[in-house]
Amino acid sequence: MTVDAVIEVEHLSVKRGGHVVLPDLSLTIERGSVVGLLGPSGGGKSTAIRSIVGVQRIESGTVTVLGLPAGHPELRHRVGYTTQSPSIYADLSVRDNVRYFARILGVANHREAADRAIETVDLTDHANRHARELSGGQLSRASLAAALVGDPEVLVLDEPTVGLDPVLRRDLWDMFRALADAGRTLLVSSHVMDEAVRCDRLLLLRSGRLIADDTLPDLLARTGAADAEGAFLALVEAGVS
Amino acid sequence: MNPGRTLSTAARVLRQIRSDKRTIALMFGLPIVLIGLLAWVYADTGLFDQFGAALLGTFPLVVMFVVTSVAALRERTSGTLERLLSTPLGKADFILGYAVAFSLMAIVQGALVSWFAIVVCGLDVAGPTWLLVVVVMLSGLLGMALGLFASGFAQTEFQAVQFMPATVLPQFLLCGLLVPRDRMPAVLEAISNVLPLSYSVDAAKEVSVSADPAVASDFLIVGAWIIGALVLGSLTLRRRTP
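Protein chains in written order, with this note's numbering: chain A, 1 to 241; chain B, 1 to 242.
Hints are computed from structural coordinates only; laboratory data are not their basis.
Please note that the accuracy of each hint is not assured.
As the list claims (entries may be wrong) - SDA-like mimics (lysine to any residue), calculated; alpha carbons at most 20 Å apart, straight line:
1. B:K21 to A:D91
2. A:K15 to B:A11
3. B:K91 to B:R74
4. B:K21 to A:G106
5. B:K91 to B:K21
6. B:K91 to A:R78
7. B:K21 to B:A11
8. B:K91 to A:H130
9. B:K21 to A:S93
10. B:K21 to A:R132
11. B:K21 to B:L112
12. B:K91 to A:K15
13. B:K21 to A:H130
14. A:K15 to B:R238
15. B:K21 to B:A10
Bound-form chain B, shown alone (with noise of 0.2 Å):
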């Protein structure tokens, strides 16, 4: 590993997001239309303070996941990942330029998306607001690690895009918003328990409605996932191809 050669390659990454203004305007124009959406429906039921925070978090998720995992996966199709893995260019440099630019991306989307919730859109937040910027950017960077860590395994864009709701979807349907954990089956409250989308939804729960909320544990877990995924996405480079 080499800082030179990981921060070139994160600014190459962002000199390249830099020149598609529309996947930009996409990256921080949807959640911010979204959420502007989520409270509008919740208008008149006082439950966009309920649900609010919990949903910020998941669609920065979605997002960086696919801009992520697509961005990747074409470093793999068009040739260039093969030359870089002939340079002195490590595996780690590669991945963690990759963090490193879309981890700027998503504090940015992060900031901009409750900023928007917060003071547009007049979510209620018991706790401190930047604790909830926090587990927003945190989100961000979950679906940045899982979607560097899914492209691995995709052949196609189409493979690339579709991994998406598969490793987002049952996390969603998992995480304790439609149904608290607790009081889901036990198989499934089991799995929800090791699933990283559960715990950056509980942190924002937690902040939502505790002045002073316990959420260093959620931030431990979600981390680890992270860095875990992060670990792997390294482990499927091979400088040797078949």
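Excised from the complex, chain A in its bound form (with noise of 0.2 Å):
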């Protein structure tokens, strides 16, 4: 184990509803990084996060989060994490949601930071509206700002960026980029390829296997593609797995 590993998976074996959806995952993210968990849905990106989360029942193998075994207590509020459908309250407004999910973490000076995170997802304009009257977009923005709010040092967030517009998007990866130079290491996982340039490392998950781990100049390299899409098939036609 490296010293500035945050995330660490060895040899994890997840099954879910009687059928193994990870077999034998291992890897490693280090401090300060952005790195994609990228590929088709169904691959086990889901899964993956919610054991590092430390919400998955797992078989086997070992899964480390600041050197701590995943779902640790002291981890509860040093990771923030979004699922993959929003997962806040559809009766409540953006602020009630975002001050709650505070009050949950212990922020200090809840009220203020609620609102901080709300501008960082750009919801301001929409922060006394109820969740329910928000498009897909603003609802996994709010989300997001849920688990912003807590200023965590790992945030693991699944599709945050399904349905955003593209402004926005561009956005949101600036603002993950600017929160992994002040340290914080961010994975975060996406089925759209073109996302792959915006991150420090990408990981390709496909039926439970990681196909490739690596830069995406170092992939293209290797594969001989143009861009991330087309290494993801240039290595599942090889048959790596």
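Assembly of the complex is requested from the two constituent chains, each provided in isolation within its own frame, with the hints serving as guidance.
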């Protein structure tokens, strides 16, 4: 284990509903980086993320986050998590949602912190609207704000950019970059391959197996592909597993 | 457990209820309408004074059960529970937050429906009126606690709603309203002796006939059921799920 490994997964095996989703997953994520967990849906991304957050029952293997076993009580305010479908309260306003999570996370000055997080995801104009009135993209941003409000050291985000317009997607990735530059570590899953360019490192997951763990330039050089999508196809066709 | 987290959870649940005006109207209006209907049905029989108090406690039980179990189930199915349990929020904070929020609702509901039965419908109560209000509130709390527990076994809202007749109707049949408990077959009497609604009905009957009602043991048993159901409810919460 390197000194700077924030997330360390070793021989993780997970079964869900009787079949193996992750047969044997190992990966390491370093501090201060934005790592993209990319792959088709159904490939095991959410299961891997749930295991790292410590909400997934696992068969075997170890998952270590910030030197502690995943799901350790001490990690609960150091790791921010957004689920794939935006998990906030539809019958509360955006502001009430984020304030509630701020209070649960024990954030000092929770009102100001909530307003800042809402501003970060560009929802200030909608802060007083009920979550059920928001569009899909606004919902996932509200959900993200509820994770950002605790200023966690590690952010594990399951498909945070689904359904967002390109401008907003760019802004969010800029924000992820700024957070990483400030020493935070981000694991961001996506099934949109072109988001690969925004990541320091890529983990390509297909059928529960990691088919690549590389930087984009190295990946392109190795496969001779023009983009991440092409690299993914090249790896699948070459039968790498 | 952490009082701040418990109370912010309670405040959040109350805020959610507040945004649903129709549910509030049903929670507070339905028991009142039912008691009014009952008083009307019994208008010329004198039976309202005999059964009114005992039935008073069963309506809040039903309403609180349904509302609480569906609210808690929604939390499980929407992903917010998974998210909450990845934060420092304790399971006890979660359950107690719900309990505090719905207890407040049960108290308001119990006070309203008791006031309506006594003042508007003219229910004659031999014992102190406030004691009847306590009985009705306890029964609402019992519905809340059983609903929270039952929600742990429901995967869909259809199931959650059907747990209501499954848990409440057998208790209603055995609670002594239809046939006095000591005149039931021995097996059924034994079963009714462990069910909580029996004791809340006993307490209501006692308050309605006695000027100095002895209800302490009834309250203790109902209270123990409430606490037990809340504890069991918190055991159905899992930080790790398959």
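How the hints compare with the structure:
| no. | hint | in the structure |
| --- | --- | --- |
| 1 | B:K21 to A:D91 | holds, 11 Å |
| 2 | A:K15 to B:A11 | violated, 38 Å |
| 3 | B:K91 to B:R74 | holds, 16 Å |
| 4 | B:K21 to A:G106 | violated, 31 Å |
| 5 | B:K91 to B:K21 | violated, 28 Å |
| 6 | B:K91 to A:R78 | holds, 19 Å |
| 7 | B:K21 to B:A11 | holds, 17 Å |
| 8 | B:K91 to A:H130 | violated, 26 Å |
| 9 | B:K21 to A:S93 | holds, 15 Å |
| 10 | B:K21 to A:R132 | holds, 15 Å |
| 11 | B:K21 to B:L112 | holds, 17 Å |
| 12 | B:K91 to A:K15 | violated, 25 Å |
| 13 | B:K21 to A:H130 | holds, 14 Å |
| 14 | A:K15 to B:R238 | holds, 17 Å |
| 15 | B:K21 to B:A10 | holds, 18 Å |
Hints 2, 4, 5, 8, 12 from the earlier list are contradicted by this structure; the remaining hints agree with it.
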